[in-house]
Amino acid sequence: MPPNRNSTRRFQLFDALLRQVPTGRVVDLGAGHGAFSVRAADAGWDVTAVDARSTRFPDDPRVTWLEKDIREVDLTDFDLVLCLGLFYHLTVDDQVALLDRAAGRPLILDTHVATRNPTHELSEIVTAGGYKGRLYDEKGWERRPTASWENEESFWPTGRELYRMLADHGYPAVFAGVPWVVRDRTFFLCLPE
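For the sequence shown, position 108 (counting from the first letter as 1) is numbered 108 according to this note's numbering, and the numbering increases by one without interruption.
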């Protein structure tokens, strides 16, 4: 089956952002289907892919595949952190903890943000962990391979609050992929201090 327009756009943005960082060791958090891990290996990276569910990992010996909760992964030995399609499945506390663990190294983030016209059903604007955003219902996560892991509600910061959150946790320079993949989702290259 050929990739859809959104998948093609995500691959274009990913490939372009990956070229902005010198090749080294990369960790793909919440790797899921592993397509981005394989693309990074194709580009010469030493790749470790991590997901709490290994059922969708492809068979590619160039990638180290780890079935593990991303909240338990030590990021200190990596030159680049990938967080693609994962951030918006985390609670605000887990988002902040991930940013703190990733600090000091570039981060490529592919995420939804809370907008006035979201692509998913979200709560009204709330403040969580000091950031404004909307909550997404993750109930039934254990039955959906693309849902969160062990939390029933995730946090989608507003665009402005995402930038503030990133700056607060060591990423003062953030570049967004334009045009966006969909009206509330794109890639961000987040550079450390």
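FYI, nobody ran anything at the bench for these hints, they're computed from the structure.
Among the hints, a few may not be true.
Computed beta-carbon distance windows for the label pairs [to be verified]:
| hint | residue 1 | residue 2 | range |
| --- | --- | --- | --- |
| 1 | Asp74 | Gly44 | 35 to 43 Å |
| 2 | Thr127 | Asp42 | 36 to 44 Å |
| 3 | Thr119 | Arg39 | 20 to 28 Å |
| 4 | Asn151 | Gly44 | 29 to 37 Å |
| 5 | Arg116 | Asp59 | 38 to 46 Å |
| 6 | Asp59 | Lys132 | 24 to 32 Å |
| 7 | Pro61 | Ile125 | 41 to 49 Å |
| 8 | Gln20 | Pro179 | 15 to 23 Å |
| 9 | Gly130 | Ala173 | 33 to 41 Å |
| 10 | Thr8 | Pro61 | 20 to 28 Å |
Only a predicted model underlies this, so the values are computations on that prediction, with no experimental measurement involved.
Glycine is no exception: its CB is placed at the ideal position from the N, C-alpha and C atoms.
Hint-by-hint comparison with the structure:
1. A hinted range of 35 to 43 Å for the beta carbons of Asp74 and Gly44 is inconsistent with their spacing of about 23 Å.
2. Restraint check, Thr127 to Asp42: a C-beta distance of roughly 42 Å satisfies the suggested window 36 to 44 Å.
3. About 24 Å separates the C-beta atoms of Thr119 and Arg39, a value consistent with the hinted range of 20 to 28 Å.
4. Between Asn151 and Gly44 the Cβ separation comes to about 35 Å, which falls inside the hinted range of 29 to 37 Å.
5. Between Arg116 and Asp59, the C-beta spacing of about 43 Å keeps the proposed range 38 to 46 Å intact.
6. At about 43 Å, the beta-carbon gap between Asp59 and Lys132 misses the expected band of 24 to 32 Å.
7. Between Pro61 and Ile125 the C-beta distance comes to about 46 Å, which sits within the given range of 41 to 49 Å.
8. Separated by about 18 Å at the C-beta atoms, Gln20 and Pro179 satisfy the suggested range of 15 to 23 Å.
9. At about 21 Å, the beta-carbon gap between Gly130 and Ala173 misses the expected band of 33 to 41 Å.
10. In this structure the hint that Thr8 and Pro61 lie 20 to 28 Å apart at CB holds, the actual value being about 26 Å.
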